[in-house]
Amino acid sequence: MTMHFLLLFSRQGKLRLQKWFTPIPEREKKKIVRDMTTMVLGRKPRSCNFLHWKDLKIVYKKYASLYFCCGLDAEENELLALEVLHRYVELLDKYFGNVCELDIIFNFEKAYFILDEFLLGGEVQETSKQVVSRSIEASDMLQEVSERPRSR
Amino acid sequence: MSPSVRLQEMIRVIRGARTQGEERGVIQRECAAIRAQFRQADNGTRSHNLAKLLYVHMLGYPAHFGQMECVRLIASPRYNEKRVGYLGAMMLLDEKQDASLLITNSIKNDLSHSSQYVQSLALCTLGCMGSAEMCRDLAPEIDRLLRASNSYIKKKAALCAVHIVRKVPELGELFTPASRSLLSEKNHGVLHGAVVLITELCERNPETLEQFRKAVPELVQIMKGLVMSGYSPEHNVAGISDPFLQVRILRLLRILGRNNETASDAVNDLLAQVATNTDSSKTAGSAVLYETVLTVMDIKSESGLRVLAVNILGRFLLNNDRNIRYISMTSLQKIVQTDHNAVQRHRGTIVDCLKDQDASVKRRALELSLALVSAVNIRSLMKELLLFLSSCPPELRAHTTSGIFNAAERYAPSQRWHIDTILHVLTTAGGDVRDETVPNLIQLITTATELHCYTVHKLYRALIADISVQSLVQVACWCIGEYGDLLLRGECEETEPVQVAEDDVLDALETVLQSHMSSPATRGFALTATMKLSTRITHNVDRIRSIVSIYGSCIDVELQQRAVEYNALFKKYDHMRAAVLERMPVIDKSSPGHTNGESAGGSIKEMEPTKRTQEVVLPQEPANQVCDLLDLLGGSGEPPQPSPALSTTALGPVSSTAGGDLLDLLGGLDAPLDHVTRPGKTLGPNYRLFMTFVSHSYPPQSVQLQMKAPSGDVIPAHGLGQVTQTVLLNNPNKVSLKMRVRVCYTSQDFVCQDTVQIDSFPSPAW
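From first to last, the protein sequence lines are chains A and B. So for the first sequence, full-length UniProt numbering puts the first residue at 1; every next one is plus one. So for the second sequence, full-length UniProt numbering puts the first residue at 1; every next one is plus one.
The following block holds chain A by itself, in its conformation from the complex (with noise of 0.2 Å):
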């Protein structure tokens, strides 16, 4: 599933997560996100949840109160995107049980780190749940082991 951007916004347009696997200068990628949020928020309740903008595929879903958006090559398979979005809220709800964007909000670093867990350059690296969550586990023990002050 190559894609070339992720962005998770509220219904306000405000962002809460940006995850980019192409290249792409500051500003454009400021363009990117101020036209997603357009149109994405633009949609009525029940269209269908595939856009597109200019070469590129947009698939988006809502969650509660958070858009999920990518931005995928045109030759690309958008309902396992769709299945993409929706494992990626998985094993967001699996860490912070039932999450909401309030999570997401004051932990983002963590969205972040789960979603490299599962994302790789903008491909499917881990397709297995369990094995993610016991990825991310790991890691944070790690973290948490490193954080303790060392004796100077």
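These are computed hints drawn from the structure, not numbers from a lab. Where is the CB? At the ideal position from N, CA and C, for every residue including glycine. Worth double-checking, as some hints may not be accurate.
Heads up, simulated DSS-like pairs for lysine-lysine below, C-alpha to C-alpha not over 27 Å straight-line [unchecked claim]:
hint: 1; chain 1: A; residue 1: K44; chain 2: B; residue 2: K108
hint: 2; chain 1: B; residue 1: K334; chain 2: A; residue 2: K57
hint: 3; chain 1: B; residue 1: K355; chain 2: A; residue 2: K61
hint: 4; chain 1: B; residue 1: K224; chain 2: A; residue 2: K54
hint: 5; chain 1: B; residue 1: K108; chain 2: A; residue 2: K19
hint: 6; chain 1: B; residue 1: K282; chain 2: A; residue 2: K129
Rough simulated footprint, nothing fancy, chain B against chain A, three-plus residues with beta-carbon under 8 Å [stated by the list, open to error]:
hint: 7; region: 45 to 58
hint: 8; region: 77 to 83
hint: 9; region: 92 to 104
hint: 10; region: 125 to 139
Since the structure of chain A is already known, use the hints to place chain B on it.
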């Protein structure tokens, strides 16, 4: 207070800011503090400060001063600092920043770190933002990891290799051997990574593609295992075992089977199996089925399998899930040309989707419906399309109307049907039709000679009902002007007879003239139509005269000019009025190459130039002809004398006489064309043939000139053809004449002029 709480505290404060200005203030203070902290020595809070900075960055504020801090943190021995450092690198550094090179060494070291989680960080970062240089440097490391490490690292190394191959395609050869052996892994993560890597390698290198064709049986086996296996808790998604892996394998098989009989054969059975055994009640299953369908259509599969695939798409069309309906239609659109009959079977469902709520689905259904139009189904399908037009969303109307016109043009079962359809579209959506519709429809009407009576009745009824749709009003005015006599006659075979009085018709035209809804062009049509009626009605000519004279002082310059010229036609050229305003001949569709300069594909839609040419010299625009007459009789606008009846001496069919100076004039226009492929010169809307007399007494009062229409509107290039325009000169007093002739025409988008002086006419002419 633990540092991470400070991060969350900062987030809380920022969110609590009530205005943009307040938020900016808070952030500026925090950034200043962070900068200060960065400059200090290591105090254990660096990672948290960077995290704060990353949050600020996500809000859209500049954070470039954190780049060096990322580099430092990545080099730290502590995992928590590395973790945030690498995250920062992925967010703040991309390959265009110079600082990104500085982390290459750290990455290299971390790739061989004892902890797999540190290795993982390095692999992830390299796979996300590694530049071409970094990739070249570190490729051998990645290759090593592909071969000898645990599955956790192998799967990440595989995707990292994918990124490297995308950045530096030549490195693909380095990874080919390792990727082949990865296919025998059992771990799904590694298998998935391997399949993605092999796909990338095959897409970039045809030789590698050849090599991996041998792996098709192995891939088929893996796929079969996934499809037929029982419930596997680790990989199950809605009853499908690892849909992500299944889809990727199908995609790889597609690439390997494309244009290759053997490989395609080997997967035929598998595809049939997947197609029949996959439960598509949820998205996961549908995703796999969708990929299967795409694969079937792309490789050389058996016809039975293709029909099965189209049927799956047809089934998708009936699915409740809007997404599935949408992708079904996009897929059908791709194959409608190649598998036309198979898709036709689902026409009913597709047409039903025109009524869907979703705009994207409607759009797709429209495209498909238009692609499915054929001579067989034109009548029923057009009914549906017209129904759709009456309720379709505004952004689709223009596309629908042009699609309907195209379909009607190609498959109209009868002229009457064609005219009815166009009229229906104009009444429903006349505001959204293309500009060429008006001349196209006029041309169509003139060719349907038996239907003139029917058409003018129908248009008249439409006109008195509603004058807001400009295109319809224009066509109606033109028809009434042209066929008003048929309208007034009252009987018509095709419709019920209705008595229309001359006053009613003139009332209708005057309403159009006076309405504020009418555009200037429409009013022009109405005025000309009124004028034309002067030769077709018997009682109310005075009324027409008065209308025309009123508009002689109209503010709109075009209307004023027309009115003045029509006035002149009444006053001074009354004897010519009948000839000038007589019925127009059937208009031909335009020949290739026309004024717009579009490619000469013989497009049957582009008929404007022909019409305009006709307008120049035929009664549609009698004004211009009158103008030309005025021009040549001194061009001074002085009232010319009324002439005796024209007993004309034709200048001969100009093309063949010995003294065919005029033709030479026209023939001399065949300037050599350059290599650009414009086939000819169009005598388009700018065509004028001006003639003036050169003589001592000016103007010669006894001589009159009448110009007829040119024989065509395009002079082919390279002297391959001619256009003839006959000019009748009446010279009763046999005065010796010299004439200056000026021809204006369009050649390859430029308006050109040529002038020739004729000093003597052949003596037998007089």
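Hints, one by one, checked against the model:
1. K44/A / K108/B: Between K44/A and K108/B the Cα gap is close to 49 Å, so the pair fails against 27 Å, i.e. violated.
2. K334/B / K57/A: Measuring from Cα to Cα gives roughly 16 Å; hence the hint holds.
3. K355/B / K61/A: holds, 24 Å
4. K224/B / K54/A: violated, 37 Å
5. K108/B / K19/A: Distance ~23 Å between K108/B and K19/A Cα, so the pair holds.
6. K282/B / K129/A: Within the cut-off at roughly 18 Å; holds.
7. 45 to 58: holds (count 6)
8. 77 to 83: holds (count 6)
9. 92 to 104: Violated, because only 0 residues of the region 92 to 104 of chain A bring their Cβ atoms closer than 8 Å to Cβ atoms of chain B.
10. 125 to 139: With 10 residues close enough to chain B, the hint holds.
Hint compliance for this structure: hints 1, 4, 9 are broken, all remaining hints hold.
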